[in-house]
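**Q** Listed below, chain by chain, are the residues.
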Amino acid sequence: MDELLSPDGSPRPAARELWALLDALGPDELRARQRATEADILTMGITFTVYSDGMNIDRAWPFDVIPRIIAADEWARVERGLAQRLVAINRFIDDVYNEQQIVADGVFPAELLEESANFRPECRGVTPRFGVWAHISGSDLVRDDDGTFYVLEDNLRVPSGVSYVLENRAVTKRAFPEIFARQDIRPVDTYTDELNRLLASLAPEGVRDPTIAVLTPGIFNSAYFEHSFLAQRMGAELVEGADLVVGDDDCVYMHTIEGRERVHVVYRRIDDLFLDPEVFRPDSMLGVPGLMRAWKAGNVAIANAPGAGVADDKCVYAWVPDIIRYYLGEEPAIANVPTYRCMYDDERNHVLEHLDELVVKPANESGGYGIVIGDRATESELAQCATAIEADPRNWVAQPILNLSTAPTLIDGELVPRHVDLRPFILTGERSYVTAGGLTRVALREGSLIVNSSQGGGSKDTWIVTDRPIWLTEPDIDIDTEPETVTASKRATAWEQRQAGQQQVQQGDGR
Amino acid sequence: MALLSRVAGRIYWAARYIERAEDTSRLVRAFGELVDDLPEPPPDRDAADTTWPPLASVAGGDLGSEWPTDEHGVVRFLVTDRARPGSVVTSVERARENLRTTREVLPREAWQVLNDLWLFVDREADRAVERRLRDRFLGRVVDESRRLDGVLTSTMTRDAAYEMWRLGRYLERADMTTRVVGVRAAALMAASHVDGRGHRRDHDEVHWMGVLRSLSALQMYQRATRGPIEASSVVRFLLYRASFPRSVEGALDEIERSLANLSRSDDVLAAVGDARLVLRSTSPMVDDGEDLDGAMDRVQLALADVDRALTERFLRIDGAG
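Each protein sequence line maps, in turn, to chains A and B. FYI, our numbering numbers position 140 of the first sequence as 140, with every residue one higher than the one before it. FYI, our numbering numbers position 223 of the second sequence as 1223, with every residue one higher than the one before it.
A couple of the hints might just be wrong.
Said to hold, decoys possible - Here are the in silico distance ranges between beta carbons for each label pair:
#: 1; chain 1: B; residue 1: Arg1158; chain 2: A; residue 2: Asp144; range: 55 to 65 Å
#: 2; chain 1: A; residue 1: Arg262; chain 2: B; residue 2: Glu1312; range: 18 to 28 Å
#: 3; chain 1: B; residue 1: Arg1223; chain 2: A; residue 2: Thr190; range: 33 to 43 Å
#: 4; chain 1: B; residue 1: Arg1132; chain 2: A; residue 2: Ile411; range: 52 to 62 Å
#: 5; chain 1: A; residue 1: Ala335; chain 2: B; residue 2: Asn1261; range: 50 to 60 Å
#: 6; chain 1: B; residue 1: Arg1308; chain 2: A; residue 2: Asp283; range: 25 to 35 Å
#: 7; chain 1: B; residue 1: Pro1107; chain 2: A; residue 2: Ala110; range: 49 to 59 Å
Source of the hints: derived by calculation from the structure; they are not laboratory data. The beta-carbon is built from N, C-alpha and C at its ideal position, and this holds for glycine as well.
Bound conformation, chain B alone:
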């Protein structure tokens, strides 16, 4: 059965929003754990709090001068703020709104999982700023998002609607992985260049474990490398290890696989190919860590081109037959 362009768009965006909510949740949770493991910074009342604000830039946002820069402020910004597009709460709400209007295409249980999650998020959001409840809150978002994938994987016909869902999921995932690498990893590498000149800083390993955890990649990284946690090897794993499903290369593979099941997708495939070239061209930056942030920005722009090509081909209503 052919898929309405309007419905295709809503499924694609529902998938992007729920992936965004999941990835942001995981990132905030991992960061909280990381901060717990680090020694308290020396008490200095006058200095601005510098621990949490960098996290906000992962979400492509800037706290701005008005916003409080302490832990609660940043968590509100990333997780619970209802006015900010891209916060976890807003993303879940938008995902639900999109699925609500495509209920006839997806398995009913999928809608129920997301509706249930929205009811939970809506009810608990304001309390989730507190550290004690935050973990449970973020954990639930991650779990339910995966449950949603589970329902679709196990009960949905492999039709065009299913492929649109996958395209949304993997494109958003690729994007989020580059953001985590760009902001967190780049900062870490730059710091060790300045501070250490090859010497490992205290807690360096803890930081890199935090980066891996924020992408659910720690265990798989250790299994794959069987070695110590080392900066450029971590970044290579997250970007190029295609067999790891949260890596950028792996996400691009999945996107190609879905496009192969859809007709007349040549232009979109070409854009994916371009994105892959841009991704591979970042290799030198990974080794010396210099301008890694800028390199990731270039990958994100290439991914935006994929989105544009996909919208042009599948989501735009054209006048012609």
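Just chain A, with the same shape it has in the complex:
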């Protein structure tokens, strides 16, 4: 299915305004706006970092100016489903690090926990505030042919991309100001406020005005831009491991020009295993010795909590519907993709027999690496994949090949369909918050399903739109006219006027 267009090629109700505008603007103006947007991105320094680029590590964020639109009532259902899902997942994490009731009740297999690469025995017996471990998550959603949203995976460790949600909106507002004036598009800007409030609510008992620090691996990390962005928007400190120290009192301090200053909440953007060389990898140069000690003593909150990744595993994923039913006594409000677990003989045999019809994924990799898409792989790739599955069945899951939905995307000046997914961000604490929309990622290559920015993907702004217009005024562009009755020359004149007007504005701007 297409996100903006019905099968007959007409725009869906929520996309009508946009489509009329695109039609009125015409290809040249559209190209001009895409170019202006790219210039904005460069000037504003919206970047992401690619590991293998050597010196030139900081790249402009690839962006498509045509937004992806979701109707507000449809989104309300997704929002409810995601909030429910994360509440249940957090109950699960808290349970497996404490009583393990779900295992005792025979709902979740004990051996899965024992073998999980993301289960941290060091975290047993800890109960963080509100019983919440995965405070910030970014679940990947896709839509199949029938229009159903499916959760493809839950990113519970250090999900990234939310800064681009906010930045995409900022540049899109400049590209299509006409529409924002006329339509009710839900704002996305509130995220950082909500995040700030959530992090502050985690502070140790009795701290009224907590100091919050975003812990980044440093400038060479692909998400450094985002770490800086979030610290900036929250007025938090952006720290590297070397800026922090744990004192003899088991409290966390940062080195300031006034000496040591206490830190109460750490929003960490480094992996568990690098957090604390005293407990995890002793060779970690990114972490803070003693951080786990301080956390367990309740002197610092860490978000997401160490060990939260235990539920971020493509095997555990398969149990999430059961987890929701077990803890909440409710049916899942948002669907899981049917998932075959290669650890079980019957499911593995099914996978091996139907390799060419399935997507096979390693259970603990992110970033799109190691994925084999059955109907696109060569014979030898499939054979390699089968060997890998048999060698380590626990590490592999498979899902049916979903026909990812598409959205019109501007490629070389033409609007063409490209596959998209969606990563909303969910905050869970005392209450839940879901971003209005999320990060729409788009596979820019024709036919490709790989949307990761590290592998040639781009992104789009995502609009949650109520179909009622907020202003009932005469539109400044002739969108009410039937397209057939607008002659080419009449349109050209309208563009020329608009273009001239914009050029004047540019010159007046002194650029």
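Got chain A sorted already, so can you dock chain B onto it with the hints?
**A** Here is chain B on its own, set in the frame of chain A:
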């Protein structure tokens, strides 16, 4: 809110680098204008080009025997060479790299100004060697550097981060002013001693106007002195006229003002006091012009001591609470 030592260091250095880029740009531009106003030297194919090379020593560098000594060579050395620390292009790049990692502390527009400047400098650097484009290029660096100060002055909270920025700016400015005086003015004074014995050489005034222009000081000098442009009075103005913000004395005042807003800065203040004594001790050299270059070197060493004290107090991560 307390300032991380690491962040303080990056802001301080971003400020130093952008001031260095601005001052070097202004110097090269003023020198180009000066050369335009002088009569062509007699054509002598065998003689080495002596017009431009002295400029390179202002940047504390030496062209070396490999480097071409003509105008383009010196401009590449000072402005566009990407491998040389201290060139305008490298300085802008380093300033940007430092601000990129402190974006959460400075107003966002500040980062955008510098990022924009870097994109421009990176794109145009290779063409900026040509005289025709050079002026526009150097002018833009000067303008954007000032715009950056404008953004910070008008939108930034007066916190420790702001003071670190000012410290970097003024320390670098004091240093650059002593370099211009040391190299350009010293050479001029020495030349008039040898040549003129009190008689003004042709074009002497044009040279001194060039020196003043390279520090954006011409108009203010004329307003302050209301007299002819005269060697020792120019040098006094650039070194001791505290009310002129590019003078060394004025920069030291600003540094003290910033230090007063920071805690436990006694050691750094003491170093500034020492630098002031060294600066004032140069007065006799200003009058007769002899060893002015050496005197300026001594001031630069005293300024380096200020940098050292400041690094020790604010930028070093200590183990103690």
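**Q** Which numbered conditions among the earlier hints are violated in the structure presented, ordered from lowest to highest?
**A** Numbers 3 and 4 - these are the hints that the structure violates, sorted from lowest upward.
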